[in-house]
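Could you put together the complete structure from these sequences and hints?
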Amino acid sequence: MQINGAEIEDTFAEAFGMFGARVLITAQNEKWALHAASSMTGFATSVIACGCEASIENLVGADETPDGRPGVNVLIFTVSEKSLEEQLLRRIGQCIMTSPTSACFNNLKGEKMLSAGKKLRFFGDGFQISKLFGERRFWRIPVMEGEFLVEESFGLQQAVGGGNFLILAQNVGSALEASERSVEAIGKVRNVIAPFPGGVVRSGSKVGSKYKFLKASTNIAYCPTIRSLVKSELPKEVNSVLEIVIDGLDEESVKKAMRVGIEAACNVDGVAKISAGNYGGKLGKYLIYLHKLFEDG
Amino acid sequence: MILRLKVAPKVPVEAECISPDLFSGKSLEQVKNLEVLVGNKRKRIGDIFEVSDGSEGGEEIILEGDLSRVKHVGATMSFGKIAVKGNIGMHLGRQMKGGEIIVHGNAGDWAGAEMRGGTIRIKGNAGNLLGGAYRGSKLGMNRGMIVVEGNAGHEVGGLMKRGIIAVVGDIASFAGAHMKGGSILCFGKTGARAGAEMDRGTIIAFNPLELLPTFKYDSTYNPKFLRVFLRGLRKHGLPIKEAHITGIYDRYSGDLAGLGKGEVLVWRGST
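The listed protein sequences derive, respectively, from chains B and C.
Each residue of the first sequence is one higher than the one before, starting from 0 at the first, in numbering that gives the first Met the number 0.
Each residue of the second sequence is one higher than the one before, starting from 0 at the first, in numbering that gives the first Met the number 0.
Everything labelled a hint here was simulated from the structure, so no lab data went into it.
Yeah, the Cβ is synthetic: ideal placement off N, Cα and C, and Gly gets one too.
Don't take each hint at face value.
In silico SDA-like pairs for lysine to any residue, Cα to Cα no more than 20 Å straight-line [unchecked claim]:
#	chain 1	residue 1	chain 2	residue 2
1	C	234	B	146
2	C	96	B	133
3	C	260	B	146
4	C	234	B	61
5	C	234	B	63
With the Cβ distance kept under 10 Å, some of the chain B side facing chain C (calculated, not the full set) [to be verified]:
#	residue
6	25
7	59
8	89
9	102
10	110
11	128
12	132
Here is the structure:
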C-alpha cells in the first residue's frame, strides 16, 4: 500500500489498556489557563518514567465552560486507577491550584469517579467550603490569591495508550515537517493526545537491553547511524525516523488519529515509508493494523 | 390526573396523599378513594375534588382552584410532577425527595421544609420557614432547589444543610438562621438578621443589607463557584445578569456568635 508515494508497511501498532481522565482547567484568560495546563502536562510523556502520560487535548471557549471563562481540556492516562488518582492529586495540587486564577473541573462522565478534589480539599486547613450544585460537588479552597475551585470527583474510563506510527524519511527535515503536519491533524481529533514533546518522539525504544538493569533501550533497528552494525529495518534512502505516539479514551479515536496523522505525514516530500512499533503482538491488548486503518476509513 | 377543587374548604385539609408516588398506577376510582382529613373528619379525595384523568399514569398531577387551606401536597414525593394552578396551603412538598412542583400562585408556610431533593417553583409569594426545619429537627432543607418568583417570609432556609433557595423578590427576617450549609440567593431586599447563628452555608444578597455585628468583612472578589452556580441557574428563569456573574462581591464571615464558617456575599456590581 502506498499513499502519495510513501509505502505503508503491512504491520501493526501494539497499544495497551490504560485508564484515562479529562480535566478542564479554566482561568482569567487563555494565557493563564494554558500556563496551568502546560504545567500539569509537564514531564508526562511516558508512563514508564513519568507516572502518567498527559497533554492538552483542546482549547475550550468561555461559553462552554462551567464558570464562563476560557478553558483548556487536558487528558491524562495511567496504567491503574490508583495511579491515576495519585497523579491527578499531585498534578492538580501542584500545577493547577498553584496557578493564578485557575479553577479545575471534571470533564469526563466516566465509568468510575476518582476523588482527587475531595482529598485536595484538606489543603484548606479546615477553611475549605463544600458546594453542591445538582449532582456535582465542588470544593472552595482559600488561597493567597483568592479562592481555588476544584471539583470533588473526576471521571475515569478505560482507555488506549501507545497507538503509534513511525515516519521514515530521507532526512531529518522531512521527518520533522511530516511529524508536525501529523500532530496538527491529530490535534483536530477529540479524545486523543500525543503526549511527547510537540507530539513527537525521536528516541523510540525496544523492550530490554544488553544491560540487565535497563527495561528498555534505544530501538536499534530504526537508528540510521548504526544501520551497518545491527539488523536494520531501514530502507537505504532513509536517514531519519520520528515516531508519533497516541493515547486515547477509546480505540476508535486512536485509530482515527493514526489515520489522519499518517495521511498528513505522507503529504510531505521525502517521506519514504510509514511503519509502526509493536512487540510481536504479545504484550498489548490492541493491535492496530496500518492497512486496515485505510480499508475501514 | 386533574383535581379540581369543588368548593374552597373553610377548614384546613390535610392531603399528603396528593403525590405522584401514591397516584402512580392507580385508577381514577382508586385515586378518588384516597383519604384526606378535612378538619377532623376523614373524607375521600373524590368528596372535595372533581377528579379527571388528564395525564399519564398519575405521574403528573394538576391541581386547580384556591387550595390555600390544602396542606401537605406533595409531601415526601420522590418523582413526577405536581402543577398547582392557584394558591396552595402549608407544607407543600415537605420532605420531598425528588420530582418537581410548580405553583402558579402563592404558597403557605413551610413549603419545602426538610426537603431532600427535587425542585419547587413558586411563581407567587412563599410564606415563612421556606425550606426550613420542623421544630425539634436538627436539619432543614438538605438538597434540592426552591425558586420563588415573588417574596418569601421569615426564617427562609432555617437550619438548611444543602441545596439552593433562590428568591427573586424580598426575603423577610432571619434568612438562613442556624444554617449548616447550602445557598440562599436573594435578588430583592434581604431582611434583618440574615444568617443569625449560621455555622456554614452561603447567603448571597444582590442588594445591600444590614448585617448582624457578628459578621466580619473579609475581602472583595469574584467567587468562581458563584459563576458556576449562576450560569447553571440561568435556565431556571432567574433574573441573573452578566454583571452578577462577572461582578465582585463583598464577603463577610459569620455568624461569629456560632461556628463562624458561614458567609454572606453582597454583590457590589461589575468589576
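Each hint tested on the structure:
The straight-line distance between the Cα atoms of residue 234 of chain C and residue 146 of chain B is roughly 26 Å, outside the 20 Å bound, and the hint therefore fails. For the suggested pair residue 96 of chain C and residue 133 of chain B, the alpha carbons sit about 13 Å apart, so the restraint of at most 20 Å is met. For the hint linking residue 260 of chain C to residue 146 of chain B, the alpha-carbon distance of about 15 Å falls within 20 Å, and the restraint holds. Annotation: proposed proximity of residue 234 of chain C to residue 61 of chain B holds, straight-line Cα distance about 17 Å (limit 20 Å).
For the given pair, residue 234 of chain C sits about 15 Å from residue 63 of chain B by alpha-carbon distance, which is consistent with the 20 Å threshold. A cut of 10 Å between beta carbons decides the hint on residue 25 of chain B: the least distance to chain C is about 8 Å, and the hint holds. Given the 10 Å rule on beta carbons, the hint for residue 59 of chain B is violated: about 14 Å separates it from the nearest Cβ of chain C. Residue-level restraint check for residue 89 of chain B is violated (minimum Cβ-Cβ distance to chain C is 22 Å; threshold 10 Å).
At its closest, the beta carbon of residue 102 of chain B sits 5 Å from a beta carbon of chain C; the interface hint therefore holds under the 10 Å criterion. Hint status for residue 110 of chain B relative to chain C: violated, with the closest Cβ pair at about 24 Å, above 10 Å. Look at residue 128 of chain B: its Cβ gets to within about 7 Å of chain C, closer than 10 Å, so that hint holds up. Below 10 Å, beta-carbon pairs count as interface contacts, and residue 132 of chain B has one with chain C at about 6 Å; its hint therefore holds.
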